[in-house]
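Undergrad: Going down the list, the sequences are from chains A and B. To convert a position in the first sequence, counted from 1, into the working numbering, add 5. To convert a position in the second sequence, counted from 1, into the working numbering, add 148.
Hint data in this document are derived by calculation from the structure and do not stem from the laboratory. By construction, the Cβ of each residue, glycine as well, lies at the ideal position given by its N, Cα and C atoms. There could be a bad hint or two in this list.
[What the hints assert, rightly or not] Reference listing, derived: stretches of chain A covered by chain B, where coverage requires no fewer than 3 residues with Cβ under 8 Å from a Cβ of chain B: (1) 13 to 24; (2) 65 to 73; (3) 99 to 112; (4) 134 to 141.
[To be verified] Some but not every residue of chain A turned toward chain B, in silico, with C-beta under 10 Å: (5) G61; (6) R76; (7) V81; (8) Q83; (9) G173; (10) E202; (11) I205.
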Amino acid sequence: MKESIQQVIRTIDELDIDAICSVVQHCLDEGISPEEIIESGISTGLSIVGDKFESGQYFLADLVMAGEVVREAMPVLQEKMNPDMTAARERVILATVQGDIHEIGKNIVGLILSANGFEVIDLGVDVSASKIIDTARTTGARLIGLSALLSTMVGSIRDVVEASAKAGIRNQLKIVIGGACTSDDLRLEMGADAYGETAIDALRIFKGFIAAT
Amino acid sequence: MDAVIIDTIPLTIDEPGFLELMRIRPESRQAGEFRKLLSEARHIARPKAAFRPAYLETSDEDSVTIEGTRFSSRVLTINLREPHLVFPFIATCGAELQKWATTIHTTLHCFWADSIQLMALGCAVAALDAHLREITGSEKLSAMHPGSLEDWPLSEQIPLFNVLGEAPGRIGVTLTHSMLLMPLKSTTGIQFVSEDGFTNCMLCPREDCPGRRVPFERHLLEKKYNVVPGRSRRT
């Protein structure tokens with residue numbers, strides 16, 4: 006692997022937000038394509054951070070900072086990117102369910118998904134099932150991430166599942182749940198497709214769904 | 149007894165420690181942005197807490213009555229077998245800080261603002277604890293929080309608010325129909341003196357929770373409280 010790509014990986018792993026733009030620019034100056042920088046450098050760097058997060062070596066603040074490091078680099082890369090590449094990104098809808106307004110967890114998932122090349126449609130908090138399903142229909146997004154922290158509002162997850170069935174698009178969608186009150190048991194109870202405990206889980210699950218189609 | 153309001157709580161944050169916690173390099177551009185946010189927050193923040201000393205009146209197998217209000221929880225009932233005087237409480241980062249946080253938009257800054265609000269809530273809880281330790285003369289205070297165990301669900305915020313009377317309103321905390329506390333960084337519960345030293349973490353199976361204070365005791369729920377896990381869900 007080229008030293009400059011390794012430098013991208015190190016810069017993300019070290020969460021060095023002040024250095025990332027010049028490191029990425031150096032790669033571009035060497036003639037490395039933005040696509041290669043993303044695939045070999047940024048994805049690998051994020052993957053290392055994700056592994057460290059899962060092993061307890063890194064914490065949530067590290068994960069957020071790594072996402073920000075990548076976000077900082079993206080304008081530099083996008084300027085040189087093939088427009089076809091940016092158009093082909095998989096869309097994922099994120100929302101905090103109706104009745105709940107916690108958003109930090111959802112935002113972190115959005116940050117990590119964006120940093121990994123997803124196009125995130127963030128509908129915000131306290132979002133109705135009908136709005137989520139309407140958005141899926143109008144944007145063609147196949148992936149939905151629902152966040153819920155309040156145990157009193159878990160029924161809103163089922164509302165989304167039922168609304169998608171009513172709209173006739175349930176089998177086209179993958180609905181993933183996460184948040185403090187959720188679990189795999191709840192996922193089964195509500196009829197969702199997967200449960201993710203962390204932002205890294207969510208990333209792995211969404212990538213898995215794409216790979217399977 | 150009347151509620152006691154504690155509303156002169158300073159926002160005390162160890163800045164270098166907090167920078168480290170947020171993984172911000174002290175010499176970076178982000179450190180400057182963070183310090184600016186923290187300075188604004190310090191100026192605005194008014195963490196608050198309130199409690200009401202209350203007497204336990206009656207109890208049966210699965211519920212206790214405090215100041216005429218019934219609470220349904222087997223774990224609470226067992227935990228309150230000994231103490232007669234208990235302290236329903238509420239603590240908050242303060243509406244001022246939550247309003248300030250809504251003016252912040254980038255994900256990173258929102259994350260910092262959220263953490264600052266959590267620190268402010270921590271200051272309010274610490275002030276409340278200190279106050280209660282002084283009143284009870286005991287270091288052995290324990291607390292239970294509605295919604296943190298299946299056995300004592302979020303819906304029990306309603307009786308808790310009943311017992312607290314006007315106190316939540318006086319410190320600017322409201323309860324929504326979905327049992328959400330506003331400001332979000334608020335907490336409620338009942339404190340009591342306990343020789344056993346109870347914490348919810350003992351009964352919570354989320355092993356990886358960053359807020360964990362003591363290890364999960366797998367068989368405690370059944371052994372001490374005679375509750376079968378998963379059979380007590382009430383919302």
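Undergrad: So, for every hint listed, does it hold in this structure?
TA: Verification of the supplied hints:
Proximity of the stretch 13 to 24 of chain A to chain B, defined as three or more residues with a beta carbon under 8 Å from a beta carbon of that chain, is established by the 4 residues found. For a cut-off of 8 Å, the count of residues in the stretch 65 to 73 of chain A with a CB near a CB of chain B stands at 7, and the three-residue condition holds. Counting residues of the stretch 99 to 112 of chain A whose beta carbon lies closer than 8 Å to any beta carbon of chain B gives 7, which meets the minimum of three for the stated coverage. Under a criterion of three residues with beta carbons nearer than 8 Å to beta carbons of chain B, the stated coverage of the stretch 134 to 141 of chain A fails, only 0 such residues being counted.
At a threshold of 10 Å, the smallest CB-CB gap from G61 of chain A to chain B is about 8 Å, leaving the interface hint in force. Look at R76 of chain A: its Cβ gets to within about 8 Å of chain B, closer than 10 Å, so that hint holds up. Hint status for V81 of chain A relative to chain B: violated, with the closest Cβ pair at about 16 Å, above 10 Å. Annotation: Q83 of chain A was flagged as interfacial toward chain B, and the flag is violated, the nearest CB pair being 18 Å apart, outside 10 Å.
For G173 of chain A, the suggested interface contact is broken, since its CB lies about 29 Å from the closest CB of chain B, more than 10 Å. Proximity of E202 of chain A to chain B holds as hinted, the smallest CB-CB distance being about 8 Å (cut-off 10 Å). The closest approach between the C-beta of I205 of chain A and any C-beta of chain B is roughly 12 Å, which is over the 10 Å cut-off, so the hint fails.
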